[in-house]
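There are 2 protein chains.
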Amino acid sequence: MQHSLSIAIDAMSGDLGPASCVAGAIEVLRSTPDLEITLVGIPSVLEPLLLTASKALRSRVHLCAASQIVGMDERPRDVMRHKKDSSLRRAIDLVASGQASACISSGNTGALMATSHFVLGMIAGIERPAIVANIPATGGHTCMLDLGANVSATPVQLFQFAVMGSVMAHDGRRATQPRVGLLNVGAEDIKGHDVVQAAHALLKRSSLNYCGYVEGNDIFTGAVDVVVTDGFTGNVALKTMEGLARMQSRVMHEELTCSPWRRLGSLFALPALRGFRQRFDPRRYNGASMVGLAGIVVKSHGSADAVAFAHAVRLGIDEARRGVPSEIGMTLKAQAV
Amino acid sequence: MQHSLSIAIDAMSGDLGPASCVAGAIEVLRSTPDLEITLVGIPSVLEPLLLTASKALRSRVHLCAASQIVGMDERPRDVMRHKKDSSLRRAIDLVASGQASACISSGNTGALMATSHFVLGMIAGIERPAIVANIPATGGHTCMLDLGANVSATPVQLFQFAVMGSVMAHDGRRATQPRVGLLNVGAEDIKGHDVVQAAHALLKRSSLNYCGYVEGNDIFTGAVDVVVTDGFTGNVALKTMEGLARMQSRVMHEELTCSPWRRLGSLFALPALRGFRQRFDPRRYNGASMVGLAGIVVKSHGSADAVAFAHAVRLGIDEARRGVPSEIGMTLKAQAV
Chain A
1 MQHSLSIAID
11 AMSGDLGPAS
21 CVAGAIEVLR
31 STPDLEITLV
41 GIPSVLEPLL
51 LTASKALRSR
61 VHLCAASQIV
71 GMDERPRDVM
81 RHKKDSSLRR
91 AIDLVASGQA
101 SACISSGNTG
111 ALMATSHFVL
121 GMIAGIERPA
131 IVANIPATGG
141 HTCMLDLGAN
151 VSATPVQLFQ
161 FAVMGSVMAH
171 DGRRATQPRV
181 GLLNVGAEDI
191 KGHDVVQAAH
201 ALLKRSSLNY
211 CGYVEGNDIF
221 TGAVDVVVTD
231 GFTGNVALKT
241 MEGLARMQSR
251 VMHEELTCSP
261 WRRLGSLFAL
271 PALRGFRQRF
281 DPRRYNGASM
291 VGLAGIVVKS
301 HGSADAVAFA
311 HAVRLGIDEA
321 RRGVPSEIGM
331 TLKAQAV
Chain B
1 MQHSLSIAID
11 AMSGDLGPAS
21 CVAGAIEVLR
31 STPDLEITLV
41 GIPSVLEPLL
51 LTASKALRSR
61 VHLCAASQIV
71 GMDERPRDVM
81 RHKKDSSLRR
91 AIDLVASGQA
101 SACISSGNTG
111 ALMATSHFVL
121 GMIAGIERPA
131 IVANIPATGG
141 HTCMLDLGAN
151 VSATPVQLFQ
161 FAVMGSVMAH
171 DGRRATQPRV
181 GLLNVGAEDI
191 KGHDVVQAAH
201 ALLKRSSLNY
211 CGYVEGNDIF
221 TGAVDVVVTD
231 GFTGNVALKT
241 MEGLARMQSR
251 VMHEELTCSP
261 WRRLGSLFAL
271 PALRGFRQRF
281 DPRRYNGASM
291 VGLAGIVVKS
301 HGSADAVAFA
311 HAVRLGIDEA
321 RRGVPSEIGM
331 TLKAQAV
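From first to last, the protein sequence lines are chains A and B.
Counting in the numbering used here, the first sequence tops out at residue 337, every number present.
Counting in the numbering used here, the second sequence tops out at residue 337, every number present.
Please keep in mind that the hints were generated in silico from the structure rather than gathered at the bench.
This list has only true hints and no planted wrong ones.
Same chains, same label: a pair holds when it works inside one copy or across any pair of copies.
With a straight-line Cα cutoff of 20 Å, these simulated SDA-like cross-link-like pairs (lysine to any residue) come out: (1) K191 / S152; (2) K191 / A114; (3) K55 / P43; (4) K191 / R128; (5) K191 / T154; (6) K191 / G71; (7) K191 / V156; (8) K191 / M80; (9) K204 / D189.
Model the full assembly from the supplied sequences, consistent with the hints where possible.
Here it is as structure tokens:
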């Protein structure tokens, strides 16, 4: 069988270590017959993790040796200077050399972004990379960016984020272009500061399916497919969601278990509670893409288990099959702005 | 009995109209023996709503006639020019003339802010007003500002928001000063844009109990008592919380009722579900204060019912008893910055 797709995995990354990266990768190999995977890391650590895989699967796994590991707290600058033989760097190198179509890492976000930016460079015409992810919403999900690659954005950069978000949200199955909204503090034209107003003007003149301003609650209503904002606001919004969801889940657990009667009663509601938990399972939403780069890089959550990591790998595969970077380049060129 | 406290109520405000404003006000009168209330609005509308109140309560209610009503979509500028006999304007006038110690309105936020700013003016030394509210958090709540009075903020303004938040969060029962955090995209000193970094430097030199940068999730952890941010980020974060909570509550309802068995099972978990709902009941968190003004103005949610409106009135009373505006002035003067 000919293999058409190769993905590089930074297998030493994440809080749970290589075991969950490798297990997640094997899981995706199983369901994706034309996939090859290169596990990047320390061979003596990775080889034992492959022993349980079948010979057929094993034949589609390659190892790429890297002697260093990037810590979660290391400064991007130090990583770029002193960790040139790290699994993070080597995985990105494989994308740069064309040996892999995408790379996936659960590692240090800042180091991954800085190294990817340095090694892969940008898509022609895109000024800054952005972090994009799917947020659960009514009727599916909302594609949101920038979630923190930059601490601010110019109007032109917000416009480019909209182009990238539009490409990311276009799954090819729908005939219509994704609806794009610009995050603001109100829906009226007069709302917001100079930067969003200037971006609003650019977007109105574009050929994107631009729907105007949206507010924080619209992230979840399904009113638009893409929510565009600067990396400061986007990062605060994302972490606000995470914090609220965590607190609510803790309070719900307290209320369900604070007495023997409550614990008994909660058993009867278990199917509903499980259904709820599944619909918001963060593992199903694992994987944030670093778009704008001239190559595909997916950041998996640091605490990702095998199921979550597999989801991030599938995200990378999907982007690779669709050729997202070149699609972004073409969509940008097609804009009249 | 001598009445020490008088509150003005914009009784024509809110989506539910005068009935819930008046019912909420009467409720607070009942539990606050030294309170007098002035209901501002159209007397022929308000009088029938007082018929069920006892004579004793009725003796502590005054009416102030105002012939106009401010619509929720009216522009602040138009309201200030053409609605000088509106219930919103007259209620603020009562604060300005000293006849009331605070005013409460469920009306148009922009018009309330602009009119209050124009009529009451600012506390000496404070550049911009801010909207502050309590957000449910582990172990109580977090006081957060600015939630949208301004679309941006300078470092000095963020510093002043921190002073105001510190005063608002100081309930007098605790010996220690409220812990103040500055919202950013990471906790390290190097994180964030120029404005937060400059505000961080000012706050480190202040005599506030400043704890450094916090992230979106820290709003809910109880790590700090006050979260300071600009009005754009704060408004997006607030509406993001509202949107997520609404979606989750809808999905939970779907999961609990999607089959007869689920509906039956959910009956057994009803006490827990009710307990959860009560802990996050938005009515308990109704009322956002417009701080920085030389007078107390509390904005109640447009959709507030009597219970929620009563909560906003109590917030105004608490601020009036503590003399929040003068306390802010003194705390600002005490800063070495």
